[in-house]
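S.K.: Single-letter residue listing:
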Amino acid sequence: MAGKQEILEGAMAVGHAVARCRPEVVAAYPITPQTHITEELSQIVADGDLDAEFVKVESEFGAASVCLGASAAGARAYTATSSQGLILMSEVLWNMAGMRLPVVLACANRSLSAPLSIWCDHQDAEAIRDCGIIQLYAEDSQEACDMHVLAFKVAEDRRVLLPVMVNLDGFLLTHVFEPTELPDQELTDAFLGSYEAVLKLDVDNPATFGAFTEPDKCMEGRWMVHDACLRSLEVIQEASAEFEKVFGRASGGLLEKYKSDDAETILIAKGSICGTIKDVVDQARDEGVKVGLVRIKTYRPFPTRALLEAVKGAKQIAVLEKGGSFGAGGVMTPEVKEPLYDAGLQIPVSGFCICLGGREVHPDGIREIIDRASSGEKQTAYEYFRLKKELLPDLVPEA
Amino acid sequence: MFASDPYGVGASRYESEDAMTSKLLSVEKLSIGCVAPPGASLSNKTGAWRARRPIFKQKDCTGCRACEMVCPEGCVFGDPKQKQFDFDPDYCKGCGICAVECPVQDIDMVMEEK
Chain A
1 MAGKQEILEG AMAVGHAVAR CRPEVVAAYP ITPQTHITEE LSQIVADGDL
51 DAEFVKVESE FGAASVCLGA SAAGARAYTA TSSQGLILMS EVLWNMAGMR
101 LPVVLACANR SLSAPLSIWC DHQDAEAIRD CGIIQLYAED SQEACDMHVL
151 AFKVAEDRRV LLPVMVNLDG FLLTHVFEPT ELPDQELTDA FLGSYEAVLK
201 LDVDNPATFG AFTEPDKCME GRWMVHDACL RSLEVIQEAS AEFEKVFGRA
251 SGGLLEKYKS DDAETILIAK GSICGTIKDV VDQARDEGVK VGLVRIKTYR
301 PFPTRALLEA VKGAKQIAVL EKGGSFGAGG VMTPEVKEPL YDAGLQIPVS
351 GFCICLGGRE VHPDGIREII DRASSGEKQT AYEYFRLKKE LLPDLVPEA
Chain B
1 MFASDPYGVG ASRYESEDAM TSKLLSVEKL SIGCVAPPGA SLSNKTGAWR
51 ARRPIFKQKD CTGCRACEMV CPEGCVFGDP KQKQFDFDPD YCKGCGICAV
101 ECPVQDIDMV MEEK
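From first to last, the protein sequence lines are chains A and B.
FYI, the numbering for the first sequence is 1 to 399, going by the numbering used here.
FYI, the numbering for the second sequence is 1 to 114, going by the numbering used here.
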């Protein structure tokens with residue numbers, strides 16, 4: 001069933017993949033490094049190749065609001081953004097999830113200001129981690145394309161009805177040309193089916209969306225978002241299995257286990273850095289180091305059970321995060337620790353903050369983390385990896 | 001109390017509100033997304049967090065309707081001909097704008113005590 005591979009820029013490929021999902025409304029505001037996705041979509045709409053309304057808005061707040069409104073009116077809606085744009089959308093995104101509107105959006109992951117940086121890390125997506133939006137993370141362009149098809153499938157499933165956000169690393173995926181097989185139009189149509197909104201505004205049957213809810217009911221409304229998010233774990237796996245059957249290639253799922261089954265040291269990460277990690281794992285394996293990678297593909301809902309199953313045999317774990325929570329430590333590191341504690345496992349888990357503001361970690365850096373973890377080094381709470389202390393001013397005057 | 005139809009619901013305010021409330025209260029289960037029948041803003045009483053309440057003295061009122069027009073909640077009602085206005089405690093948040101704007105100081109704000 002293998003189709004034609006083309007050499008495509010990641011963002012443009014995603015634009016075409018989204019077009020094949022036939023969204024009826026696309027609203028977006030340009031922001032680096034997302035811009036090429038919606039630029040491509042606007043061209044596709046202008047060329048008459050996609051029967052959609054492309055709404056040019058005044059901000060990302062407007063883009064998200066148009067998508068919320070379009071989805072509430074019964075349309076399949078899509079937007080894409082990055083960094084500050086996602087943060088500007090955030091108020092609307094919480095509403096979208098609470099109103100259970102299956103909008104699909106992409107986040108071309110980029111650092112948050114200040115200091116201003118246009119390069120990749122995951123702090124933008126992590127800042128809206130708790131809003132009830134499903135978050136998928138792609139490793140390469142192909143997966144970024146395929147995950148969009150999956151995203152519509154999962155979002156619109158009646159057991160879910162939540163927005164889904166596909167994360168692809170800014171520049172590292174959006175601006176890189178890779179051999180990519182676009183989702184075949186006929187197969188995509190068959191996979192997604194025609195869209196019928198479950199919840200939609202109807203003048204003949206008026207309803208209020210997102211109404212004020214008294215304390216005696218509001219908590220149940222919020223719990224239903226949590227419950228739907230958890231239910232989506234099963235739906236994501238189902239949809240991924242069906243995707244593989246229909247398209248003939250595996251994409252999606254909760255996580256990927258790479259040489260981790262017999263590994264003593266397991267690295268955990270998400271996004272494009274996993275490509276580099278796999279190369280370093282191969283190299284270390286050749287030298288007899290029993291190391292593996294567990295790649296988080298679905299970050300929200302957090303695949304707690306699958307993760308525990310994948311790492312429970314490890315002697316030590318290192319979590320590599322392109323983010324963190326200032327004043328606390330990591331974001332994903334404590335999430336990895338929690339199920340271990342609940343299962344009564346005392347596997348040391350070290351957290352490493354990497355790549356903030358786009359400072360790449362190359363194979364030697366990954367190897368250093370593997371070697372430090374494998375040497376039985378004491379667990380690291382949360383380390384800003386390779387922090388250049390010589391750049392820091394004297395923060396505290398000497399006594 | 002007043003025969004006006006501020007929400008355009010086609011009947012006197014209190015009649016329609018009662019009808020709406022009983023309709024909403026009969027819905028025992030939440031729907032997905034908490035989609036509500038129309039009229040949720042009426043059935044949800046939002047005056048509970050008022051710290052001060054207006055007292056419409058109805059002494060020097062000129063019937064200018066300033067209090068009615070400036071109320072952000074639209075919950076001041078009255079009859080300009082009779083120079084009588086009052087507020088709806090179910091929705092009044094006690095902001096006091098009506099008292100500040102009244103040109104003849106015919107509205108006082110007092111502590112809400114229970």
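Since the hints were made in silico from the structure, they are not lab data.
All values reported here derive from a predicted model rather than from experimental measurement.
Just so it is clear, CB atoms sit at the ideal spot from N, CA and C, and this is done for glycine as well.
Some clues are possibly wrong.
[As the list claims (entries may be wrong)] Calculated cross-link-like contacts (lysine to aspartate or glutamate; reagent style EDC-like; alpha-carbon spacing at most 20 angstroms):
(1) B:45 x B:88
(2) B:29 x A:216
(3) A:337 x A:264
(4) B:57 x B:113
(5) B:29 x A:214
(6) B:29 x A:220
(7) B:93 x A:214
(8) B:45 x A:214
(9) B:29 x A:227
(10) A:389 x A:368
(11) A:312 x A:279
(12) A:389 x A:360
(13) A:217 x B:90
(14) B:83 x B:108
(15) B:59 x B:79
(16) B:57 x B:108
(17) A:259 x A:360
(18) B:45 x A:368
[Said to hold, decoys possible] Covered stretches of chain A (chain B as the covering partner; in silico rule of three or more C-beta atoms under 8 angstroms from a C-beta of chain B):
(19) 89-103
(20) 196-206
(21) 261-275
S.K.: Name the hints, by number, that the structure is in violation of.
M.R.: Of the numbered hints given earlier, those the structure breaks are 11, 17, 18 and 21, listed in rising order.
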